[in-house]
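A.B. asks: Can you join these two chains into the complex? Each is in its own frame, and there are hints to help.
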Amino acid sequence: MKKLKIILDRKPMNSNHVASKQDFNQVLNEFKKLKPPIWKNPWFYGPVGLASLTLLMSISIVNSKELINDNTSTKQSSALLPEDTKCFHPIKESLVQQFTTYSIDASVEQTINLPSGTSIFIPKGSLIPSSPEKKVEIKIREFNDKADAFIAGIPMDYQKNSAFESAGMIEIRGGETGEKIKISPSKPIEVSMVLRKDPSSFTFWKLEEDQKEWINYPASFNTSKNSISDKRNELNQLKKELVETTAKITSNEISSKKIIEPTRIENFLPIEGNQRFDLAFDENEFPELEKFIGMEFEVNSKKKYDKSFTKKIWSEVDLVKENDTYFASFSSKTEKFKIGVRPVLNGIKKEEAEINLSKSIAFCQNKKQELEIEKKKLIFEKLQQESKLKTLVDNPSETLLYNAMRQEENSAGKPNRFAASFQTVTFGIFNCDHPIEYPLAYKEEVGFSFYGNTIADVKSAYIFDNDQDLCFSFGSNTARDLDKFGCFEKNSNTLFVLDSNGSMGYVLDYTAKSIKNGFIKVTVINKKDENIEFIHNLINENAINS
Amino acid sequence: MSVNPLYHKSNVWLEQELTWIQKAQKDPACFAPLYKEYHEQIFRYIFQRMDDEDLAFDVTSQVFMKALNNINKYEYRGVPFASWLYRIAKSELYQAFRDKKAERVVNVESVHLFEIAEELEEDSNEINKKQMFACLSQLKENDMQLIELRFFEKRSFREMGEILDLTENNAKVKTFRALEKLKQLFIKK
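Protein sequence lines, in the order shown, are assigned to chains A and B.
According to my numbering, the stretch in the first sequence is residues 1 to 546, in order.
According to my numbering, the stretch in the second sequence is residues 1001 to 1189, in order.
By construction, these hints were calculated from the structure, which means they are not laboratory data.
Among these hints, one or two may not hold up.
The list that follows gives simulated cross-link-like pairs (lysine to aspartate or glutamate, DMTMM-like), each with its CA atoms no further than 25 Å apart [said to hold, decoys possible]:
no.: 1; chain 1: A; residue 1: K21; chain 2: B; residue 2: E1103
no.: 2; chain 1: A; residue 1: K388; chain 2: B; residue 2: D1143
no.: 3; chain 1: B; residue 1: K1181; chain 2: B; residue 2: D1123
no.: 4; chain 1: A; residue 1: K459; chain 2: A; residue 2: E530
no.: 5; chain 1: B; residue 1: K1188; chain 2: A; residue 2: E234
no.: 6; chain 1: A; residue 1: K21; chain 2: B; residue 2: D1099
no.: 7; chain 1: B; residue 1: K1154; chain 2: A; residue 2: D9
no.: 8; chain 1: B; residue 1: K1183; chain 2: A; residue 2: E234
no.: 9; chain 1: A; residue 1: K258; chain 2: A; residue 2: E244
no.: 10; chain 1: A; residue 1: K5; chain 2: B; residue 2: D1054
no.: 11; chain 1: B; residue 1: K1101; chain 2: A; residue 2: D324
no.: 12; chain 1: A; residue 1: K291; chain 2: A; residue 2: E244
Only a predicted model underlies this, so the values are computations on that prediction, with no experimental measurement involved.
Looking at chain B on its own, in the form it has when it is part of the complex (with noise of 0.2 Å):
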């Protein structure tokens, strides 16, 4: 399966976040090429887990508010700052979902489902994408969680990894199991 490149960047992408982070540390102000660079993806991933458009918005506000609280934190550790930003986001997403301002939704394009499909040598036909799409609604949040990072946001495992606060392999070994819970769930349709 490709991932998707837009999660990827090069070291010179990340030298140049860095200056843009230790320029933010000392000046909330020059935290605007970072909100800009982040704000999309962000709220895509906030999004793709809810159903209110102006709720989206306004908690990908507050992640980024949050994150401007906390710049003077960020270290750098071999963990990318948009995965720090992900980690706010996952925080305030739930904090969203159990307050009840927000109902936590999966978003799936039908191409999606014909690819779990294939990844779990099935057909790719419209009786399957309908079965895969009754037997995904059975799968528990974690689970879902890391199929949504996977297959619907082609994301690596690195970097599901570093969402989730697993490693690599623990993300992988995690992922194939919720495949093979999905599979199960198939089977039984």
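Chain A with its partners taken away, still in its complex shape (with noise of 0.2 Å):
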């Protein structure tokens, strides 16, 4: 890994002297060299576009009849789609690929997940058909490589002299039985993308069409597997703590449970509005009762009984125990009268015993405070625990987190996943690109020649750096006339002509030796090969059964 240079405690610049470098009118004066052409301006289309129209329309009033009977001129009259529109050059329109098409009810939030693991996530009312039990079409294609991008003639470069070098591309469309339809600004459609590359030194565009200029998009990187893993670990650490935190509180109510304060009848100590007498009895039949040296019995009955009994006289007066309770019975000639009674402390021994229950009371109480304030500070970690884990499962941007984790979990054993995730309120295509500088010029311009044929009328030329994972685009239709052809000598090379009949041909290996007297012999490709597969292998330097 490298190391980042850091510097300690450089001198500080001071405001004025940055106040001093400003210049706005060198911005204003390089803006203004970057401006668009008149033609560009709508201003232009006011006075120019009338006058172009008076003359379409006479010409049209004109070749009427002709007009009437070409089917042709109704045939693009529906050119909605991108593919249609003049920012696109496929090399053969039979050639390119093919939107895959989902039907979506926009009334509720809907996730589409992709074959590559490309999540787009639409939410409730981001789109707006025209009326709500209508459906939605999403149209989506992604570019696997740099064929795709070619055969679909998504142009790809930047600034006339880079080339993108794509870590993924992909193209997003929505529309409603013909009728665009657009994403609303406030609920924007939000994208996962899976990389094929790790993107740390790539960059997020979006293709601006009306200017077939690529532009900065805000994207965040997912640069390596562990963000996923990471975020995972997160997820899974976040429900063991949740578990945790439930156990603790269950724990705390159980224990809460289990402090009991001890009570004055278990401490042997009177009750207030009981009545309490002296009882004489046998020392010797009762040792456990040695203990409670001037001891009182206190009537211990939940009955209701005749209070008087103290104040009677008996002839008998008797103590029991029966199954560990007491009883004290009195007996005279004409009345017997027998009611439990429990051994009470009195004296010295009474206020000893009263201090320590009271001690023991508010033990338990501060106890049992404890354990409250605990369980509401597990209750509140609890809770917070519950909502930073809906956070990451419900939350739009945490979910494409979610999804692209789930995707990971579903794809186990493959390489790592790169991924970019970005926000939409527009369709178009998004790419995670890095742009390469074109390769000099051969300083001698080139011909070609298709072999056993005539010299070849050649269009355009693509130059595919295998070694850089992208094309190098000459000719008709791309940013460098063909005169700027070239390539870099070091890297395996494969060269693609167009010639102006629509004839295709390649050189596999390509390199500057390939020119024999100032021309290149191609190997034109039967009209039964020019397919998807045949030119995706060709590209990619996969075998070719021609």
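C.D. replies: Written as structure tokens, this is what we have:
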């Protein structure tokens, strides 16, 4: 890993010095140089457009007879989707990779999971059809390599001097029965696009189709599998913590229930309001009562009884013990009375026991309070964990990562997955790219000849640089003329050419040595081989069965 | 940790800014007040990350030129204009690194190292400062970026999110993780 260069305590720069370098006029002048030509200015189309329209109308009136019978004039009238726009120049219309169309209900949130692992999250109400019951069509094309982009005719140049090395590109369009549909600005579509390369040194772009220009577009990258693993670990850790917190709450409740305050009964202390009396008994018969010096007996009965028994004269009084419960029995000639009693402390022993009981009760109450506070903390912690977990699973931006995690889980054993996440309120082509400068042009112009044929009128030539995984384009419908043609000699290159008749040709392992006497001999592709698979294999250096 | 009030704007200010933007969308010359307002901030953001002053001024000009070129595409959707400029600045800066016109550097003040040490519950002394300095150089670019925005430039998590295109919460979580990594490096030393 390359270490970052860190500078400690650099001399701070004065604001006046920075201000002295401000030069808005220079920025304005540079900007003016970038301004589009006059015919790209909408004002241009006012007077000029009107004049052109008048001219066209005149011509159309004159030629109306012929045009009525011309079926092709209406063929392109439903030109709604990008494959028909001038921004794209496919090598042959019949070879263009078709969109995969997803018909969706815009009234509920939707996630489109593509076979590559890319996912597109469409929030509820993001797309607004003309009537609520109408379904919306989402058309998607993924470009998995330089051949895909080339066949589709996507301009892959950057600022005329660089070509894009792509880590992944996707085209997303939306429509409703042939009409374009817009995305609500407040509910952007969220895309988690799987990339085939580490995007660390890449930038994210969107194609401005009107200007035929790629512009920087905000996206966040998962630069390694670890970032997804981190997220998964975070989720698992959060789930684990939630289980632990729940267990702690249960344990806290059990502990709290176990804390039982000591009672006066347990501590042989009298209960206010209960009747007490002295009772003589045989100490030998009840040795356990020996410790209750100066003791009293307290009535221990929940039933109603005659409280005047202590005032009556009894001929016989006795203490008996039945099943650990003491009973005092009284008898006289006329009546008998029996009541449950318990021994209670009196005097100093009682005072000591009262103090101890107070201490024990205070201890229990403190302990309960501590547990209660701990429980509240745990409940708060649990709520936070639940909320965090909910955010991680429900939040749209986090959902992208969650989806990515699930995709990763589904593709266990597959190599590292890099991804770019972005939001959009417009449809179009999104690309994770790295611009690489064009090679120097050959000093002398080269010509092309097809094997066994006359010199071909080559319209455009393409160098597929297999080492840098990109395509340098020259000639018609490209940003560079054919006289700028060249390649990086040390790299493995495939040359592909198109002539003005639509014929295609190629040279495998192309280098400057392929030029003989100023001409490059090109192998013609048979008409039967003019299909996506063949061209795909050719560009990607696979076996050609021709 | 206190955040730099420079990066915070009142609603009145944001409304004024929006008026300037709308004017600039009609007439590029009206971009001047925005240029004047943000030139220093953007320059310092760039110069914080490179060592070549002249190049930093060039990249700053490039940022404003790009902003002017794309001003018609700017729509206020909750992200302040400054954050939009920072995003362009970030892109231009990394383009300069890719083109090898500049080397990525990190400028640190001693006081920042002490603050990070305190954040990691370590003593703010010279030994720890040196150790922290050594550990910082081992951080990966993504983590360094977060530490830089948060501790060296004193930005709020919200603003960090706007610049890095993350949610505020995500910026917070990622910064916390970057700090954790720094702490681990510090402990290993």
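A.B. asks: Each hint should be assessed against the structure and marked as holding or not.
C.D. replies: How the hints compare with the structure:
no., hint, result
1, K21/A with E1103/B, "holds (22 Å)"
2, K388/A with D1143/B, "holds (22 Å)"
3, K1181/B with D1123/B, "holds (18 Å)"
4, K459/A with E530/A, "holds (17 Å)"
5, K1188/B with E234/A, "holds (23 Å)"
6, K21/A with D1099/B, "holds (24 Å)"
7, K1154/B with D9/A, "holds (16 Å)"
8, K1183/B with E234/A, "holds (19 Å)"
9, K258/A with E244/A, "holds (21 Å)"
10, K5/A with D1054/B, "holds (19 Å)"
11, K1101/B with D324/A, "violated (97 Å)"
12, K291/A with E244/A, "violated (49 Å)"
Hints 11, 12, counting from the list given before, are not met by this structure.
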